[in-house]
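Enquirer: For the sequence shown, the residue numbers in our numbering are 1032 to 1299.
Derived from the structure by calculation, the hints contain no laboratory data.
Treat each hint with caution, since some may be false.
[What the hints assert, rightly or not] Label-pair restraints from in silico Cβ distances:
1. Thr1146 to Ala1173: 16 to 22 Å
2. Leu1063 to Leu1238: 49 to 55 Å
3. Thr1154 to Arg1221: 41 to 47 Å
For every residue, glycine included, the Cβ atom is placed at its ideal position computed from N, Cα and C.
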Amino acid sequence: MATVNRGAVVLQPAYFTSSVYYKEDSTKPFELSKTLWTAQGWKWMHFKVFDSRTRETFLNVTVRLFLERMVKTEAPFVRTVVLFALYTFFNTQPTGSAPTLRGLSHIPIPIDQYTSLIALPGTLTTPYLAPLEPFASYVVSALVDAQVFHLLPNSELGVLNPRDIPREIFVGEGLIDSNQPQRKGHYSKRDKVIKARTALDAVGRWLDRTPSSGAKTTRSQYEAEKTRLMQEIGASQGVVDRLLEAHAGWPRVQAASGSADGMLRMLQ
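Start from the sequences, fold in the hints, and give me the full structure.
Expert: As structure tokens, then:
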């Protein structure tokens, strides 16, 4: 600052850009967030569903999943990252496409979650979270100024539809309560696990005793089986010679008796 003769304060702009008084922060969290958003393929999220009715459900469920990771019980860093993702997802909705894709004009949010979201920038006070504070403040202000949020009553009232988003939950074996009463006509979870393991063990035992491919039949094995068969039926060489002679002399035998022809082919 400098003063003039009249005592007025005059600001010197050079002081605010000089490296003596100002050091620009090189960290760019939101730019990094956008880079990761693109690298992970999230930029194509809006093109996964095109049907208008299905797309409306898709958009509502997606923003709701984002909001579920922004509650107070989540870590501040996670909440900030999800805030950037929600802001990016909402503001990258396709516009001007032909045919027009259904868009989301407002984000439904319970009042308690909204209050927590507004206070999020103030929680970024630790040294490693402090660089995120100005970016989080800007994103929150931009969403509020654009009147994006549609406020709903407290989340404890179950105001969202459906009340809980259906999802698959894996239950480990140690978490299965064996004392839980079994409904009539239904297997308990423990019984299902036991039956599945038993079936898997049975398949394993069957594979162990079953060769992967059948045994190959060699010529020597064929000759041995042929000799054994001839001995069992008591066929001598003389009988064989007579059958061959008869077959050569009377061609009609082949047409009249299919079984004899079969026997001759076997003896040859």
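Enquirer: CB of Leu1063 to CB of Leu1238, is that within 49 to 55 Å?
Expert: 51 Å, holds
Enquirer: So the hint says 41 to 47 Å: do the beta-carbon atoms of Thr1154 and Arg1221 match that?
Expert: 44 Å Cβ-Cβ, so the 41 to 47 Å window holds.
Enquirer: Evaluate the given range 16 to 22 Å for the C-beta pair formed by Thr1146 and Ala1173.
Expert: Given a distance of about 18 Å, which is inside 16 to 22 Å, the answer is holds.
Violated hints: none; the structure is consistent with every hint.
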